[in-house]
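S.K.: Please construct the entire structure, taking both the sequences and the accompanying hints into account.
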Amino acid sequence: MTKYLFYPGCSMQKNARSYLDSMMAIRPELDITFEEVDDWNCCGATEYWSVHQVKAHALIGRNLALAEQQANGSNTLVAGCSACYLNLAKTANYLEEDLQLRAKIDDALAVGGLHFTPGSLDIRHLLDIVFNDVGLEKIRSKVVRPLTGLRVAPYYGCMIVRPDRENRYGNPEYPTALDKLLEALGATVIDFPQKTHCCGGHMTQISPEVAYELLHRLISGADRYNADLIVTLCPMCQLNLDAYQGDMNTFMDTDYHMPCLYFTQMMGLAFGHDPKELGIGKEFVDAGPALAKIGVELPEAEERPKPKPRRKQKQEGLPMPRMGDGNE
Amino acid sequence: MSAMLNEEKNGAPISYMAEVSRATPGNCRLEMCIQCGTCGGSCPSADDMDHTPRQLFAMIRADMRDAVLASNTPWHCVSCYYCTVRCPQEIHITDIMYTLKNMAIAAGQYKKTIDADFSESFVGYVDEYGRSFELGLATRMYLRHSPLSILKTATMGFGMLTRDRLDFSPQRIKNLDQLQSILKRAGEIEEAVR
Amino acid sequence: MSEQFEPVIIGFTCNWCSYRAADMAGTARIKYPPNIRLVRLMCSGRLDPTFVLKALSEGADGVLITGCHPGECHYLEQNYKALRRYRLLLKTIAQMGIEPERVKLVWASAAEGVQLARAITTFVEEIRALGPLRWPLRLAEMDIKETAAVEEVVA
Amino acid sequence: MSNKQNQPQDEKERIGVYVCHCGSNIAGVVDVEDVAVWAKEELGDQGVVVSRDYKFMCSSLGQEMIENDIKEQGLNRVVVAACSPHLHEATFRKACERAGLNPYLSELVSIREQVSWVHTDKEKATEKAKAMVAGGVERVIENEPLEPLRVPIHPATLVVGGGIAGIQAALEIADAGYQVYMVEREPSIGGHMAQFDKTFPTLDCAACILTPKMVSVGEHPNIELLTWSEVERVEGYVGNFSVTVRKRPRYVDTDLCTGCGICWEKCPKKVIDEDFEQGLGYRTAVYTPFPQAVPKYPVIDTESCIFFANGKCKACEKLCPTGAINFDQEEEILLLEVGNIIIATGFDTFDARRIPEYGYGRLANVFTSVEFERMCNAAGPTNGEVVLRDGVTKPEAVGIVHCVGSRDRNYNNYCSVICCMSSLKFAHLVKERTGAEVYNFYIDMRTAYKDYDEFYQRVMEEGVLFVRGRVAEITDATRNPGEEGKLVVQVEDTLAGRQRRIPVDMAILSVGLQPPSDTKEVAQRFGISCSASGWITEKHPKLDPVATMTEGIFIAGAIQGPKDIPTSVAQGAAAAARVLGRINKGEMYLEPIRATVDPEKCSGCRICNNLCPFGAIIFHEDLMVTEINHALCQGCGTCVAACPAGAISGTGFSNEQVLSQIEGLLAYSFPKDFELVEMVPA
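Top to bottom, those sequences are chains A, B, C and D.
Position one of the first sequence corresponds to residue 1 (the working numbering), numbered consecutively onward.
Position one of the second sequence corresponds to residue 1001 (the working numbering), numbered consecutively onward.
Position one of the third sequence corresponds to residue 2001 (the working numbering), numbered consecutively onward.
Position one of the fourth sequence corresponds to residue 3001 (the working numbering), numbered consecutively onward.
Quick caveat, the hints were computed from the structure, so don't treat them as lab data.
Please note: incorrect hints may appear among the correct ones.
Here are the simulated DMTMM-like pairs of lysine to aspartate or glutamate, each with C-alpha atoms no more than 25 Å apart in a straight line [stated by the list, open to error]:
1. 2104(C) to 3064(D)
2. 3040(D) to 3064(D)
3. 1184(B) to 107(A)
Partner residues are not named here, just some residues of chain A that face chain B (Cβ under 8 Å, in silico) [what the hints assert, rightly or not]:
4. 41
5. 54
6. 109
7. 168
8. 172
9. 294
10. 295
11. 296
All residues carry an ideal CB built from backbone N, CA and C; glycine is no exception.
M.R.: Listed below in structure tokens is the structure:
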């Protein structure tokens, strides 16, 4: 039973509650526990940087200091939200490399009777824990309801892989951790070209038409590869893809029904958990039809147009380059 | 960074580039730009920007301070960090965009726009409660900036509420005084630099 | 004469890299303070620690050791040996009551005239900040103390 | 004050000091007259009897001045304060020699490079010049009369690498009538040039100009060609290196083989040719990389050969008309004696898989520049047809991406020099063979060489389109019907200041050049060094680009840094000329800077024993003393510095010389400290 410090972040409290619930639900199978950082505050998302950068670092610094205090045994701080993860990691990183900044933040935190020692915490994203610490072998062994026949688009978004200073995902352009995880769950994983493209972030709030364009790229991309649903690991991405898909359709004059679930929910389903327990059903875009393919019954699931046959890629002709480790 | 220090030594006035460079935490390497356009090519919202990031850096070098602060480019940055990881000169482009937003706000530019207002309101809630408050934020945005789409928002907000994905009232952290005192001090330090 | 303290510094250079870097700095007319006097060795590996102690005891305020970048040694790997000796040397002089900052090791390839000039300039400033070493005087004083002590014992 | 034991007996020093004005180069900043006068007055006790300043010491008049003084005033030591020893040390040593004084009893003090050119304050500069002269005087007193080391030059030469640079070098030397050994790792010589189709800017066919040279290497009586072989070990020093070469078994008896080709026509095992054909084509298990290979003999690749896998087949053996196939062949170890070595091991290309946003390996129709070279080559996998990966479709739009892996701190932080021109060449070839729309995506267009920019102009006239911007990504993620089924090149057109998405059928990545992956080990093996970017370091970047810091080891071609064919050929010839000079002379002189152990003083502690990378230090178990082999010693002095007993002395840089120089440099620097010392009652 491995224990991790956990930073939920504002989103997972409410709009991404199902992410939190599903994560909690699968703890036993993964054989891990989480200890929430006591009295944590907002990480400032992308907004706080925009207004005051030093204050933003102080804001995050408080969370780091609190976590450090609480770190007995485990000094690994886990975040499920990509923005939270990036912000925590970014500040920890800059405090290590920029001594002037460190002095400023030490000063500020001291006023609150706090101190953070750069390097004292290992800040990681939930996917990193699941993929690298728990490992695929263990996950495979827990699968009771394989996601066989389900075509999923693995979607990483931005802030988990960029900037990846510790180089945890090998390569910020074409990560494969989530792909491999979903394969381990039995799903058919499409080679999703937009897997690390942007969901529009806060643009859905301040200039929707920009966001709709970005969302359209993702959803149409997933649809072109006949994905049944998009699997994500970030509350902001899920919110944009799910809650704004309707507005996007209206704006773009399209008619997509591309459900978007969290990877923890997919794991929960594969582990045989009840959809409700995993917070499934809170989506704007009904995941029912997709999940029906793996025999998961949701209330009021409607029919969905049969996916078109996927166009084949010619295999004869000149041989393709050997990939070797190039893609690792 | 080093370029900046030299100028300080000779007591020459700090160039605008050095100013931006200094205001950005870490070594942002702004002075290393070779104008290759990898940033502008990678940017998902480049189409909506007045200037590509590359152009903005050229303008910074040319000391076109006002034009830079007036540009909407930083405000269309979605913080996807594509430019930062792809830049062949390892320039911290996303961070520089944040710096430019800080400067624009400090200079009173962009006060009226939704972009800056959204950020500032968000920060306002965080300063006030220690947590973000989506419902409050969303409502405020639409009331202030697009009253016409208030209905659509309402339905969306309603959807969120029915799905139990939205709080009616903001969450408050316990030790709010501590956070606020820390932020107050940090704010003073930040001012002192300017 | 300016009021500010003008340190005198001995610089040891490698015939294949840093000495050529110094030549290059000259050819390119890159300026650096005149406080340093260079000694040419065939390799930083030739640097006998006593050379450094000699320099300090003859009144130098600082010593700058320069050699090829790791992996670029003309004699394959001797600069690593210089590096090891340098680390030991720092300990030794610290024990002798000399600030370790007064002895510094920098790498400069034959092409790095600019870098060498910059390193020299920085080092001169660092030593200026540390102030005069006056080791000859310190040594002399030590002598008196010792003789005094001896005399006491004798008495 | 200074230790006199080493100086010639029965004479006290009579030192001459000569301060050079170098026109105004020195005199402009240093008060040379003052320095000269001061040296006479202050350094009289050290034995300075003559001290003069003169406009140009290196002029014949200046040199005669020194010679006369040596003769008339009986000088036995000379100090010249002028420029860097790397420029005129030899000049003044010769002058001394002419006057009958041992050349090593002179010192050259660099008050130009180290004083007048780098300082501005006249007073301080003059003070420093004086200190340096004092240092020189103190040092010269400790100098010993020496004889230069004389080494004979073995007339044979080793050329490592059979690319165009190595070929050129080998032919120059062999044609001059001297023995050359050429070692090549691949089954054939020819290098990268053999893979190319056309060569810029003249567009003549690479094979047409290369193969004649390859053939003459193959049949040259003075060239012993060792392909499928690698250099294992190098011992010795300039003039007589002994080199160990490992010759891998071909499993083909080259005395019997006629190169008829039946074996590779009949071989049942086909594999993808990852090397010569860059994975685009196939070869058999027994093969020659290409038809014009030199030598013509094939090799059997044990990796893919059926017989080596399961002991069956032997089709080649059965069918060979001359019975040349020999599966029992074993590797040979050869020992070569050579006087000089030329390293021409060339380059590798950047692995495009490292930039996933360009999709190489994932997107079928993204090709590398070398793949494209093979595709264009009439003897290549598509017989010169420019087609998509499906092997049939001609592209209607092609994007050529410059600077792939070059000028990028994430990969190689230097310009690969050739890519702009080869990309222009590709543009021309695509136009010529498909008439497709061609886009060149570049950061800066670098066409700086004879007829290169003209070629750029020509390609523009041919209607090729140019977009100034580094490509951000190549993707199959299309956004509109216009992009359907195409590759989209996303880039900022930096001249238009707008992001553009350009649909193409084929993308060509102009991958940069980088040092072969094992260059560090190769450098170690030959006792030379690599720069930070991994290329081998030349002796002088401008004045000695084909020599290395190690005597007798020369470099030519891309291994010194990215370069094109003309420059590689020029360097091959240049390196050959340097070697031929040595060979003709038959012997050369080396600085007598060597370490010597005084067996009396040596305590046998063996501290020095593992310090020498050249294996010059031998320990005599019987006598329990260490000895240094002067033939192997390179004179770095590391052992001298290490010896706790002071038993090792280094000629030219002895402890006495260095310590005295330090004394001199400091003695006149600061009266303040002397006062301080004097304040202390003795």
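S.K.: Kindly indicate which numbered hints from before are broken by the structure, ordering the numbers from low to high.
M.R.: The structure breaks hints 1, 7, 9, 10 and 11; every other hint is satisfied.
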